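Chemist: Since the structure of chain A is provided, determine the placement of chain B with the ligands on it from the hints.
Residue numbers (the working numbering), protein chains in the order written: chain A, 1 to 291; chain B, 1 to 446.
Mixed in with the good hints, there may be bad ones.
To be verified - The calculated lysine-lysine pairs, modelled on DSS-like cross-linking and capped at a C-alpha distance of 30 Å, are:
| hint | chain 1 | residue 1 | chain 2 | residue 2 |
| --- | --- | --- | --- | --- |
| 1 | A | 154 | B | 327 |
| 2 | A | 208 | B | 303 |
| 3 | B | 364 | A | 210 |
| 4 | A | 197 | A | 238 |
| 5 | A | 127 | B | 364 |
| 6 | A | 210 | A | 116 |
| 7 | B | 131 | B | 327 |
| 8 | B | 311 | A | 116 |
| 9 | A | 216 | B | 153 |
| 10 | B | 364 | A | 140 |
| 11 | A | 210 | A | 173 |
| 12 | B | 364 | B | 153 |
| 13 | B | 153 | A | 208 |
| 14 | B | 337 | A | 140 |
| 15 | B | 438 | A | 140 |
| 16 | A | 140 | B | 131 |
Derived from the structure by calculation, the hints contain no laboratory data.
All values reported here derive from a predicted model rather than from experimental measurement.
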Amino acid sequence: MITTIYVTVAALTVIGLLIAVVLYFVAKKFKVEEDERIDRIEAVLPGANCGGCGSAGCRDFAQRLVKAPEIGALFCPVGGNDVMKKVAEVLGQDAVEQAPKLAVVRCNGTCDNRQKTNYYDGVQSCKVKAALYTGDTGCKYGCLGCGDCVAACKFGAISMDPATGLPVVDESKCTGCGSCAATCPKGLIEMRSKGLKGRRVTVICVNKDKGAVARKACLAACIGCGKCEKVCQFGAIKVENNLAYIDWNLCKLCTKCVSECPTGAIHKFNFPAPKPVEQPVEQVENKEVLL
Amino acid sequence: MKKTFKIGGTHPKDSKLSSEIAIESFPPVPRVCISMAQHLGAPATPIVAKGDKVVVGQVIGEPAGFISGFVHSSVSGTVADVLPMADLAGNMVPHVVIDVEGDEWDPAIDRTDKIVTESSGTPEQLIAKIKAAGIVGMGGATFPTHVKLAPPKDKKAEYLILNGAECEPFVTADDRIMREKPVQIVIGARIMMRALSVEKCFIAIEENKPAAIAAMTKAAGSYVGIEVLKMKKKYPQGGEKQLIDAITSRQVPSGALPIDTGCVVQNVATALAVYEAVQKNKPLFERVMTVTGNCLQNRKNYKVRIGTPLKDILAAVGGAPVEGNMKYISGGPMMGKAIVNLDATTQKGSSCLLMLTEEETLRKPESNCIRCGKCAEACPMGLEPWLLNKLARVGDRYDDLEQNNIADCIECGCCLYTCPANIPLLDIIRVNKAEVMKIIRARQAK
Ligand code: SF4
Ligand code: SF4
Ligand code: SF4
Ligand code: SF4
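Looking at chain A on its own, in the form it has when it is part of the complex (with noise of 0.2 Å):
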């Protein structure tokens, strides 16, 4: 009976080192070369895997790092320019900078701005109902709010506003990585340039409806009028299609279209606020919810 132990062991044994060996030389004959510059990179990489650089992970995108001939487009939006510099350390090649991107919900259609036209009690998914009808609103380009958004993001920088329905992004957390922008599924959120300390003037509206029919829609709408427009000096602002956009590569952060926009859809955000004594209770309540 031990003889039989004694036997099984040695045998194991035996054929366990044997393979061992096998093994050792089958790797080392076809041992893939690869280029170690890979870990390197990807030690640098936030490694988020959110795929905000358009590759399917940090690895895949350093991968990709080593492959091109040079950085280029290639940006990893949530490491941004520190992490860019550090990549091209690694590859031997000048950073391209790249200026930091932030998540804009280009939607002001609140509980108030916007009256509800039907009930919707479907399931909550943004997709879903987009796939159904044009919404429960008389807008059809405006937030869903069923929160997709808030799903796709890994970084939790987005939630959702009870008090609004809308979407909110929390500056200090949203990396730029664009996921949901891609995920919403009326393209309304913007992958924004962060601006200078901050600062930005957008509208916050997608409306493409001619004027009276947006603002019996929303009274926040972009009506296309134009005054946006004529009043830039800079010429950052073109209406097309019924609705104003702003190019944040021109626009001088003057604010004046701000004041000209008479259904109030171009804000500024993160502008020093003006002295506390000309400020009413209203307008600094309705900034936060507009952050």
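Modeler: Chain B with the ligands alone, transformed into the frame defined by chain A:
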């Protein structure tokens, strides 16, 4: 013997509340808005302008592509505008708005009640006539009939199947026309048989319509090659693929078309429209539509002109039947579409205006899948809805979804109807099916 399809299916409550109500002509309305997108495919191009005078049956929209169709005026009067208007889901579609003046018909239309049995013409002539009359599948899919009647050269039709199953609960429009116009429907079927050069036609009617079965059997009796079949009551008996399976025991392979099995399926209402077009020169500008609901007292089977605003129909039956939130549905409760815009108008595919109360439509809270397998048992396409739902919700698993044949889903809703966990299976499957179809099309285009 009662025939039925082999796999899946479910038994929603019949609710054919309006089956004993005779068809009644809907009174004229002051203004109609006729959609240019009443068929599957490209919307028609409007060929009238503001201020033009039109008569009943006059062409106002021309096809814009191979899969498209003619649209005719359903009234006489003056064109008030040609503009995009919201359809019943709120999407903007080009419409022709006509202010009604009198009721002057195109003189070519035979308005008498006389049944014209004799017909002549080659298949090509017949198909041309059907195309010119703007006929589409009237069961709801609105596929242009002339395209279906002219299969590609390498495919040969063997059978014509007339779909009188009307398996959707509540809807009784087809039931009524089969009882009131059986002879005309049979003549329509004969015309389509000639257009397709087939010798055999089956008319499939579910067993819950005995009067229609009797009337159609009598009307078909004098013709060889036309056979009325009594079908078991089971939803979705009227599905194209289900009917073919039930009658011929042939299955349409995944990704193939019904014609690959040698069958062409047409709705009975389409057959009636074909009769009227070929024998009476009357284009498709009116149809029978059921107005019903448990909450509605004044139920109707109306013959309505295309382009009649839904709110006018609602007003005619006495307005919203109950206080509070209501759900209006165009079509039946299983596959119909909820109406968000009652200013929208009737179309060639509008078989029913169904009214449901809030209690009847409320969704119960969703819970976790208990793997009971009821959905897979109910699916007439042999899919596994629970798996598709799971894969879809993980996200980005379109390859797996395709391999599990999501593209075969006919959107019948059996799975959702059966699920004890109230999982919105079809809602999830539908959007992901669309996504997978997009991927397949992109691959084929390459
Ligand atoms: S922004 Fe887009 S994804 Fe987010 S809740 Fe609104 S519609 Fe949905
Ligand atoms: S001023 Fe306001 S409403 Fe007018 S075009 Fe500019 S953003 Fe739109
Ligand atoms: S809706 Fe689709 S998956 Fe569900 S039972 Fe019908 S065919 Fe099957
Ligand atoms: S019927 Fe519902 S609970 Fe049962 S297996 Fe299907 S999805 Fe799961």
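Chemist: Hint by hint, note whether the structure agrees.
Modeler: The hints, checked one at a time:
About 37 Å separates the Cα atoms of residue 154 of chain A and residue 327 of chain B, which puts this hinted pair outside 30 Å; it is violated. Of the supplied pair hints, the one linking residue 208 of chain A and residue 303 of chain B is violated, its CA atoms being roughly 38 Å apart against a limit of 30 Å. Of the supplied pair hints, the one linking residue 364 of chain B and residue 210 of chain A is violated, its CA atoms being roughly 40 Å apart against a limit of 30 Å. Restraint check for residue 197 of chain A and residue 238 of chain A: the C-alpha separation of about 24 Å stays at or below 30 Å, so the hint holds.
Our distance criterion of 30 Å between C-alpha atoms is met by residue 127 of chain A and residue 364 of chain B, whose separation comes to about 21 Å. In summary, the hint linking residue 210 of chain A to residue 116 of chain A is supported, as the alpha carbons are separated by about 20 Å, within the 30 Å threshold. Distance check on the hinted pair: residue 131 of chain B and residue 327 of chain B sit about 35 Å apart at the alpha-carbon level, beyond 30 Å; violated. For the hint linking residue 311 of chain B to residue 116 of chain A, the alpha-carbon distance of about 19 Å falls within 30 Å, and the restraint holds.
Among the hinted pairs, residue 216 of chain A with residue 153 of chain B is inconsistent with the structure: their alpha-carbon atoms are about 53 Å apart, more than 30 Å. As the CA atoms of residue 364 of chain B and residue 140 of chain A are separated by approximately 28 Å, the hinted pair is consistent with the 30 Å bound. Among the hinted pairs, residue 210 of chain A with residue 173 of chain A is inconsistent with the structure: their alpha-carbon atoms are about 36 Å apart, more than 30 Å. Distance restraint check for residue 364 of chain B and residue 153 of chain B: the Cα-Cα separation of roughly 50 Å exceeds the 30 Å cut-off, and the hinted pair is therefore not satisfied.
For the proposed pair residue 153 of chain B and residue 208 of chain A, the alpha carbon gap of about 45 Å is over 30 Å, so the pair is violated. Distance check on the hinted pair: residue 337 of chain B and residue 140 of chain A sit about 18 Å apart at the alpha-carbon level, within 30 Å; holds. A hinted pair counts as satisfied when its Cα atoms are at most 30 Å apart, and residue 438 of chain B with residue 140 of chain A qualifies at roughly 23 Å. At most 30 Å may separate the alpha-carbon atoms for a hinted pair to count; residue 140 of chain A and residue 131 of chain B exceed this at roughly 34 Å.
The structure does not agree with the numbered hints 1, 2, 3, 7, 9, 11, 12, 13, 16 stated previously, though it agrees with the rest.
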